[in-house]
Structure formats: C-alpha cells, structure tokens
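4 protein chains.
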Amino acid sequence: LDFRSDNTVGVLPEIMAALAAANVGTDASYGEDAVSAGLEARASELFERKVRVFPVATGSAANALALSALTPPWGMVYCHRLAHADVDEANGPEFFSGGAKLRPLDGADGRIAAADLDAALAHAPFGVVHHPQPSAVTITQITELGTAYRPAEIAGIAEVARRHGLRLHMDGARFANAVAFLGCRPAEMTWRAGVDVLSLGATKGGAMAAEAIVLFDDRLATELAFRRKRAGQLFSKMRFVAAQIDAFLTDDLWLRAARHANARAAELGRGLAQVPGLEPFAPVEGNMVFARLSEAVLKGLEADGFRFFAGEAGRPDVVRFVCSFATKPQDVARLIQAARRHAPGQ
Amino acid sequence: LDFRSDNTVGVLPEIMAALAAANVGTDASYGEDAVSAGLEARASELFERKVRVFPVATGSAANALALSALTPPWGMVYCHRLAHADVDEANGPEFFSGGAKLRPLDGADGRIAAADLDAALAHAPFGVVHHPQPSAVTITQITELGTAYRPAEIAGIAEVARRHGLRLHMDGARFANAVAFLGCRPAEMTWRAGVDVLSLGATKGGAMAAEAIVLFDDRLATELAFRRKRAGQLFSKMRFVAAQIDAFLTDDLWLRAARHANARAAELGRGLAQVPGLEPFAPVEGNMVFARLSEAVLKGLEADGFRFFAGEAGRPDVVRFVCSFATKPQDVARLIQAARRHAPGQ
Amino acid sequence: LDFRSDNTVGVLPEIMAALAAANVGTDASYGEDAVSAGLEARASELFERKVRVFPVATGSAANALALSALTPPWGMVYCHRLAHADVDEANGPEFFSGGAKLRPLDGADGRIAAADLDAALAHAPFGVVHHPQPSAVTITQITELGTAYRPAEIAGIAEVARRHGLRLHMDGARFANAVAFLGCRPAEMTWRAGVDVLSLGATKGGAMAAEAIVLFDDRLATELAFRRKRAGQLFSKMRFVAAQIDAFLTDDLWLRAARHANARAAELGRGLAQVPGLEPFAPVEGNMVFARLSEAVLKGLEADGFRFFAGEAGRPDVVRFVCSFATKPQDVARLIQAARRHAPGQ
Amino acid sequence: LDFRSDNTVGVLPEIMAALAAANVGTDASYGEDAVSAGLEARASELFERKVRVFPVATGSAANALALSALTPPWGMVYCHRLAHADVDEANGPEFFSGGAKLRPLDGADGRIAAADLDAALAHAPFGVVHHPQPSAVTITQITELGTAYRPAEIAGIAEVARRHGLRLHMDGARFANAVAFLGCRPAEMTWRAGVDVLSLGATKGGAMAAEAIVLFDDRLATELAFRRKRAGQLFSKMRFVAAQIDAFLTDDLWLRAARHANARAAELGRGLAQVPGLEPFAPVEGNMVFARLSEAVLKGLEADGFRFFAGEAGRPDVVRFVCSFATKPQDVARLIQAARRHAPGQ
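If you're matching them up, the sequences are chains A, B, C and D in order. Just so we're aligned, residue 1 is where the first sequence starts under our numbering, counting upward by one. Just so we're aligned, residue 1 is where the second sequence starts under our numbering, counting upward by one. Just so we're aligned, residue 1 is where the third sequence starts under our numbering, counting upward by one. Just so we're aligned, residue 1 is where the fourth sequence starts under our numbering, counting upward by one.
Excised from the complex, chain A in its bound form (with noise of 0.2 Å):
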C-alpha cells in the first residue's frame, strides 16, 4: 500500500475521459485552441473575478514562473523553511528569476506567522544598493507538514507584504486540499486575502501533469508570456494540458477528490493518534498526515510493506503518509492496525 505521495498514483476517470474528448479533430496550438479559451472563462467564474490563466506541466515550473515574474534578479523571496521552492527545486526558482535569493523563515507548523515576516522586513534594508531587495512572499497552500493557511492568516501576510511593497505568491499545488479543509471560496483565500499569482495545482489532486498560473494581477500577463514559451513551458498540444484543468474545476471534481483524500487523511490520523507511542507532528489539515513513529513502529510497517517517506522535516523519526482520491478507507483502516500492531506493549 502506497502513502509516499499523491503524485504516485494516477489519473481521475474524469480526466482521462477529458483527454479523450479533447482528442477530436484538430484545434490551433500553442494554447490559441477552444479549450484553453474556456480555462480561462471557468477560472474566472471559480476566482469569482477575471483572471488569466497559463497552464503549465509541473509545479516547479509553475513556482519557478510565478516567482519570476514577482522579483527582479536582485531581490529576496522569503517563504518558509520548508518550502518546496527553497528545498526541493535544485534551484529553480533561483534559474528562473536570474538570480533571485530564497530567504527562509522558521514557522510553526510549516506555516508563516506575519508576525515573523514583519519582524524580518522591519529592519530590512529598502533601497540599498548592496542588499538583496525583499520583493516577495511565497506560501505553501496546505503547506509541508500538511496544515493549512486560515484566510485570516493569508490576509495577515498579505497586508505586511503590501505594507513593504512586496507581491504574495501562493503555491497551491494542494489548493484544492486546503479548500476542501477549510470550507472557503477559492476567492476567500487568494486575491479577496492579497495573493498576487497562485499556482493552481491538478496534478497532485488527480491530473496527469497539469498545473495553472493564475493572475490576480494582469498586468503580468504579457511578460509571464513570453517567461513561459522561452522556458519551454508553452505546449504545442496546449488543448490537452488545458482540458486536464477545465475537468478538474468542472462539477468540483477538484473538491470532492480533495475531500475524499482529507477524509482518508484524518480517518488515518485520528486512527494513529491512539497508537501507543506514536506522537503526532503537526495538525491533520488536508490530505498528509504527519507523525513521529518509534523504530519498531516504522520498521514494522516498512516490513510489511507500506511505503511512505521517513527523515520528514530533517527528522529520522518524522512520516509522512500521503491520502489522494485513489486512497480506500480500507488501506487506512490496514495501516492504523498494523502500526498498533507494531506498537511497543501490543
């Protein structure tokens, strides 16, 4: 049974069934097709605004884009010490933006406080020459360790941000898993809270390799453009990438595959938490639960064949168990009895 990560299982029906649609005849490339006209009519409608809509294949180059577009070469994004875009990227955004810094804050939780990024720009040093120049904020949205920002948390953010000069950027490629957590409007937690550009992520919540810049700002529009086509990043067979995001967002696919991986999330973590010396390591909020396993724990588990990721969070004794769409109640209910089973005292 399979928790490493909800990229390592496959593709909701809906969207295979899209794909086929989508393979009829022939339509104009490069994203001029009748798909990728009405992604952006769809996204609007969901953002509850008109917003611009580039899809790319993969969260790294959705990151790496979004940011370039927020920070000249001389600035300083800040996110969180276990961003995805700092730790897991060989760079990428570093590549993209031409040489902008990641400066990582600590947080509780995987998230930061606003508290914690005005104290850092507080003293920051605008306007001189010989400084890295604060330009930026990325958040994870549900973050690392699996919680999720409140929209009053994002908001918080947001205003220090603005209040410094700095564009927000949220990185959703587990959007959906936050939405569907916290019963909000996708606008509640994006441009109403101060988000600039959101990387909309399929491809974790059940899409082949589709993920969307969305724009609450336009006037990037024209230089995310051409960021796009000269990383590569503009399909030739563009309808096939935008046909994975309009089945995605249509008839809440998105949100009920996203609750169906929450449930199975907290189904699994309530279940682990009654586990003799099983300590959990941060809040159940979306669809990754994180815990603290004793080496017999761990290595009975592993024995038997469940596979996740250990050493979480540059902890040895740190999981992570990762729900999708795909995950049954009865996996959850098989990994909850054998990690009793391998509990001290059983």
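Hints are computed from structural coordinates only; laboratory data are not their basis. Check before you lean on any hint, since a few could be wrong.
Said to hold, decoys possible - Straight-line distance between alpha carbons at most 25 Å, and here's what the computed SDA-like set of lysine to any residue pairs gives:
1) Lys299(D) with Glu32(C)
2) Lys299(B) with Ala124(C)
3) Lys299(B) with Ala28(A)
4) Lys299(C) with Glu279(C)
Unchecked claim - Computed footprint of chain A on chain C, listed as stretches where at least three residues anywhere in the stretch have a Cβ under 8 Å from a Cβ of chain A:
5) 70-76
6) 128-134
7) 229-238
Predicted model, so just to flag it, every value in this text is computed and none were measured. Where a beta carbon is used, it is the ideal one built from N, C-alpha and C, also for glycine.
Given the structure of chain A, go ahead and fit chains B, C and D onto it with the hints provided.
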C-alpha cells in the same frame, strides 16, 4: 481542412491506450517508475547501443536543455538561419545556456552545408578570450523547409564540428519523418554519423506532449538530470510522459505514422507541382510541402476554408502545408483540386 | 611605434593629477563621495540637461549594463555586424541581460542605416510569444570602422526605433573622437537625437579605467544601480573612478585629447592615401585609419617594428592604425614614409 | 575622524608611485602587458608555488567570479550568516553563478566551525536531483567580525569540504590583516590548508581598485578567463590594475600596511575595553574592533564627529571601528578618550 501543422492534430489511439494502461495502480514518481526504466531499454535497442533518455514535455525544452549541456555560456552555437532554436523560442536556448549565442548560417533548402560550417570555423577566434567560442552545432531533421539531411551530410557536418572541437546536436522534432523518408536506421543518422545529443520528437508524430532527449555521450547525464529538474521538466507522474514515447517507439508506430504523413505530403507535393503557376519551394522529403502560390490561389484556398501558414521563410508568397498521421488521402486530393480550380487560366 | 589601439597608451597627466588630488583624506565609499556627486553635475552641464551618471571601469561593463536595462531577456538588440557588443565581449551582453539576443545588421562603413533597421523591423513579429522581441538598438560612435554617425543619422535611427517601440543605446567608447570630428554639441548627438543611454568612454581617450553610463531616462536609474552593484562594478573607492571622468570632462580635456588623436589620424589617412597600391578601407572620421595593404607593405611595416592589427573586418589585408592623445606627428610621418618605402615600384 | 571602513581612506604612496611608473610608453592591453606577466611570478613566489592570478577591480567581482568557477548553477555554497557574499552583494554570486544558492551557517565570532559544516553536510542530499547540491564553501579572512581563522581551522573546514566533494574559497578582502595578525605564511593559510581559490584583497589594504583572484587549481584558469571577460572585468589598460597589486606585494608593503592597521585596532580594542559599560563584541584579530556601546557613548561619539557604523551583526548597539594604513595613534587615542568621557559615571 487543417494543414497548419502536425501539432494541430490530436493523439494516436495507440498512445491514448498506453496512457490508459499506465493509469493503473501506483508507481514511483519523478521518473523512478517502471515505464521510464523500460523506455531507456527500448531506446537503446532502437539505437543499437546504450543510450540515456530524458523525457521532457516540449521540443522547446528538449532543444534548449540539450544545447545547454553542449555549450558554455560564452559559447557560440551554429544553426541554420531558419532554425527553430534561433527564430521560434523567444530566446529559450540563451536562457537555458546562461547566455550562449546562436549564430545563423545560410544554406540551401534549410540545410547547413559542411563546407559552409568549415568556412565559418576556419578563422574563428578559438581560445581568444574576447570572442564567443564556437562550441556546438545544431541541425534540424527534417529541416524547417521539410528537407532531410542524408547520413553522409550529417557525418560531414560532424567531422567539421569534431575537428574544431564542437559538439553536434540534432533537433529531431520530426526525426521520424526523416527516418521514414530515407529508409535508414536511426543509428546511422545519429551517433554513427557523429551526433552527440538528439532531441527525439514524439508530439508532432502523434503523442500528446512528449519529447526525449537522447544522449549518445553518457558523461552528460548527471548534469542534464539537474538541468532538467531545475527547469521544471522533471514530471512527478513521469510514467505518463514516458508511456507516450514508449508506445510511440513500440511496433514501429512512430515509423508507421511518419510513413503515412510522408505519403500524404508526397501526394500533395506531386499534385501541387502540376498546378499552373504554383512553384515548389523546397523538395518534399518528409511530411511538409513548401510552395510559392500566386495570390489568387492563396486567397482562394483560404476562402475555401483550407488552413495553412503563409509567409514562410520570410517570404509572403511561400506557404507551408503539413501532413500528419491523421491526414487523409481525400483531404490531400481536395486541396489539390481546389488549388487547380483557383489557378489562373483554369 | 605602437598603432595597435588607443588602449595600449597610458594616462593623461591631468588625470594622474586628479587621482593624486582625490587621494587626500577620507570620503564615503561606494559613490557617496564628493567627487562622484560633482561628476553628475558636471555631466549634466555638458549635456545641457539633468543626467544620471554611473561610473564603471570597463566599456564591456558599461555596454552590457546599459543594454540589460533596455531589453527584457526575451528581447532582441539590433547592432552592426561589426559591433563590439556582439563580436568582442564573450557574450557579456547576453550574460548581463539574462539571455537577450543580439541581431547583427549589415551597413556600409560600420554604420547601421535607418532604412535597413526599418526594413528589419517592418515584418518583425511584435507581440508573438514564440519570437525574440525587438527591444533595443545599439550603435557605436565612432564606429568599429572609424566612421562617425552624423546627428541626423542618429535621429533617423532613433525615429525608427521609437516608432517600433525600441530603445536606443550608444556605445561611445570613442564618443570624444566623434564630437571632435563633427564639431557638434554632445546633446545634439545623444538625447536630442533620441539616444536613451550612452556609454561615455574615457579610458581610450586617456583615462586609466573609467567609463560612464549616462542615462537620459532617469526612470532607469534605480534598476541600473542594483544591476551595477550585483555585477561587481560598484567600486568601494569610487571617487578614484569618478575623478578620472571628472578630470576628463574638465576644461575640455576630453575634446583636446580627441582633437589631437583625430588630427594624427587625419594626417595618417592623407599620407597613406598617397602610397601606391594602398587603398583606404573606410573614411577617417576619428582617430582610426583603416586601409587595405599589399602584403609587401604589411610585412615591411611589421619588419620595421611598427605595431598594428591586421585582419580587421574579417579580411586579412585590412589593417587598422589607431592614434591616441600620445601619438606624435613624427610617429605618423615615419609610418607614412615607411609605407611608401615598402610600396611596390618604389 | 573616520573609522567607517578601510575603504574610505585613499591610496598608499607606494601604489601611487607604481601607477606613475606604469604610465610610461605603451604596452599590450587586456593583461598581455609586462606588469601583468610579472605579477603572476611575484604571487607564485609569495605563495611558494605556481599560482594563476586574475586581477579584477572589486571584491564583489573577485568573490562572485571565484564562486562561479566552483559551483554549478544547481549548487549550494555554504557561508557564514554574516558573509559579505550573501548579505552585501545584491545577489552578485547568484548572478555570476547562474543561480546557485548561498546557505548561511551560524558560527561564533563570524567563523564557520568545521564541525557545524560537517553536520550540515552529513545529511545533505548528494546526488538527489530535486535538491540543491552542496558544491562549495566560502570563508572570509579576516571575518566580518574582525576575527581570524587559524590555519588549523581552515584545514579542518577544508577537510570536511573535500571529504564531501566541496571546493573551498577564501574571501580575502582583508587577507593581509590575517597574515599580519597570525604571523603565518600565506601558503599556510591557503593552499596548504586546502583553499582552492583565494580572493586576495588589495583595495582595503591601500590600493585604489584592485583585487586578485588567485587560483591554486590551474584547471580553472581557462574557464575563469572567459568568465572574467564576459563579466566586464578584463581591463584594457590592465597594467594599471596589475601594478597596484604588484606594488602591494612588493617589499612586504601589504604586510607593513596591515601591521600598522592591526596595531591601531589592537590599541583601540584595549582602550575601549577599559571604558565602563562598553563591551567587546568579538576578539580583535585584525584591523576591526566590534563593541557594544551604551546609547550615551554611541550618541556622544557621533556628536563629537567620530564616524563609524552602528547596527552591525543585526544589533543596533553593536558598532564597528575600522583602522587602516592611514589611521594614526593619536586618532585612536582621541577616540578612546572620547568614549571614556561619554561613559556613564564619568
């Protein structure tokens, strides 16, 4: 009827089936999956030697990544004056390479001649620190004018390149069409002729979004792996990219599709050559037909609803018709008939 | 006798004196000193309007920084086929700009013609995301062939550039020689003609290592300040760079030195024109003489110990003689006599 | 009285004399001159082995160029939290390296400890394509807090670096002060300890604008030559940069100047340590004194016209006093007296 490009068409049914087949169970992400592993074996068989394969999602990325591994930032990459890498990538190769320069060469029918390359290199300022350093050559197969380099021509270019210390890249967005036209072995046209890196196209041949960087020099593999990652081209659900290429290369699908497209282009070329006042612009050696049309024919075809690009090769009267795996004989016949009908004196 | 370049000679005594004068007491570093402050005022007076001045230490840096402020990374910068920026900078402009492309144009006597630029831009794919975007023009004054653009020619180029949305940069490594030759006002040849940014050379004119980026559009100043810093061109003891330029511009030193050099070149040009078999290659409009020499004369001069560069403009028989503030009339006379002596039939 | 920095002071008379001496006749440009040739010999003698020397004009450029030769763009360079390269260069190292990442480490008194580096590297994800790859370490000698690494400490860091496959760079903007303080041989502190590349500072020690990149690994020389050129740091009249460094290294001028500055700092450190309420912030091991001042003393000294920087190391009460070759014993005495006068209870 759409003759704009082989990227306005959809996806081969065999490739759709491969995507469906890959959509079973879970597998490791980021290229650690079974399909990706199998692809390298399959490609090695095809090329009759061990090769390393890096799937990416666009030809833009394949070419820019490949070139960035073959040139230092102070290098100069020779290409044909019409090369996609120079003309159609919004400076993607410059971006990926950290600022290398492309140097366009003239050449009949879209091809670089070895002698012209040699002449350009004869007095090149090798080792002089002021000057961009000749570092690589990139050729397009089939070329931007639809012609195919013969293996001997490639070997000639490679000999010149090697003698001067340059590496050789082949942009094979339509590699299949060249192999189908020439009836040669893939090895003959690539590493046996002296090609170091190949961008092996699948998208235009019938995939959804899949290209493979094929390394014949495996010392580049580690560097390329990091370059691909930081460029946002390492897909989490890589198996779906690999599956497209794998299916494309299975049971000669790539060749069968290319032969079909080439056959249509050949019919079209022969038919148009009979149209009074219409003049072929380049030999038809793949799936593209370039011709000079009188304005009457050009406007007439457009009015009939035929779709194609005019203004090719910088000349307003040069049009391009592209055939694909999906082009039907009757589509071609209708286009020829219409051209005849609009020709002066008919 | 050394006619290789105006950079093989030393430093004007007035500039050495200025360095000594600056070497008193302490002053703020990184351009916050009194000399730097005064330089901006002096340059503003010279150009008859407020300008911003950024001293740097090489022409390579001045040009690359200036261009990087005038083009996005996906831009295309037009230049003459012989432009130093394209040919002699080991891809410096590509590096500083993050990957913009230089596009060489032909043009008689080292000059771009406005009409040729207009023709190149007439069908340029503005706004089409696939293609490098024309963004700037750079002209060299005096040119790489020693000729000078007239103010009306510059205005013509600027008009074309502005009409198409491009910015105009002047590489003025030998700006002084052009002003001295044309007898015009610096303003006339720059911002009044439509130049946005000037690289104002002092090194070749007699400074030690000092060039000034002069901005006629002060909206670029903030960006340029950060670009200069991160490029390692913000000097800690900046007053010594500023002092060189300040002295150069004081009491017409720059013009007097240039007039001297130009006078020597004019004498040399006239004298060589009389030598049988020797053919002028470009009009002498500054401090450089280009001529085609028979092999006998070329080898004879070398054997006599005269130093100069052959193989200019890509032709082995074209040589360049450069005069400087230090070239003496008798040096020129000796060169002419020697050339006569080696000429066939003498 | 100016204690702001050793770059607010002017130029040593011996170096002014060397500039005058170099200003005779003509010589080849771009480093092909006799002075530049001699410099490499002199440095080789100084370092007791063959070294390659690349003069540049700023420490920013020296460090950024050196690091760019030691790390790939996907690399991670470890440095101290206060390192100039990370904090004071407006992302210059990121620019020159094409996007490598700097990773700050904590460490007492401005120094990285080998054990802390080892701990950071122990679990580093070497070879894993997602993660920035540890590639180099840069240490500052003397450090940003005025302390000096002992040769054994450097060797310890180098051992850790080498064991993990990292290269070692030394930012020696104040290298002379370290050698003077420790009384060791330059070789001992550099290549014998395991340093691969040294930025050898001369400007702060008394030159006008001159730093030398010293390569102990000559395989980097070709690459560095092109990197320097395209970065606009290859000076046409290079002999004037080389002459500064050459004079600096002649007859122990560099050491004599550093000993003078160090002696003043030692006096100042001892004197201030006696001032009630004033607390040393770091040991004085070169020409800089860091101390925590009460607000009364800080304001008092400012009111007296003493110039220095407060807010060092991110703390408002930490001030820095820098001595130079030009600082006089009576200047130091006056500062100490003034501090006493302003101290509470006096």
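- Item | In rising order, the numbers of the hints this structure does not comply with | No numbers; nothing is violated.
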